[in-house]
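Enquirer: Residues are numbered in our numbering as their position in the sequence shown, beginning at 1, plus a constant of 86.
Since the hints were made in silico from the structure, they are not lab data. Beta carbons: idealized from backbone N, C-alpha and C, even for Gly. Among the hints, erroneous ones may be present.
So the derived label-pair ranges between C-beta atoms look like this [stated by the list, open to error]:
id : residue 1 : residue 2 : range
1  : SER100    : MET122    : 24 to 32 Å
2  : TYR157    : GLY125    : 51 to 59 Å
3  : LEU130    : ASN110    : 26 to 34 Å
4  : LEU126    : SER100    : 28 to 36 Å
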Amino acid sequence: MSKNNVRDKYNLMSHFYNVLYSGNMKAKRRKGVKIMILGLTSILLAAVIIVFIASGVFLKSNYLEPWQKSYSDRFDD
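Between the sequences and the hints, there should be enough to build the whole structure, so can you do that?
Expert: Here you go:
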């Protein structure tokens, strides 16, 4: 491998490093943390909604409906 190839590879890697890590690292880290928190919150919210839908929370309860409308008329409360 010639010295020029090694130098070119080093320059290419340093270019990618500069592109990725240029700017204010503290602001990028803060933005990354915000994105992670938002992502985890949305995943957790989606999981809770899926559990509610699977358990039937949003469905009308059938056991509260009488099987005969006149059934309660036979009893004096």
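Enquirer: Evaluate each hint against the coordinates.
Expert: To see whether the hints hold, each was checked on the structure:
no.: 1; hint: SER100 / MET122: 24 to 32 Å; result: 28 Å, holds
no.: 2; hint: TYR157 / GLY125: 51 to 59 Å; result: 52 Å, holds
no.: 3; hint: LEU130 / ASN110: 26 to 34 Å; result: 30 Å, holds
no.: 4; hint: LEU126 / SER100: 28 to 36 Å; result: 34 Å, holds
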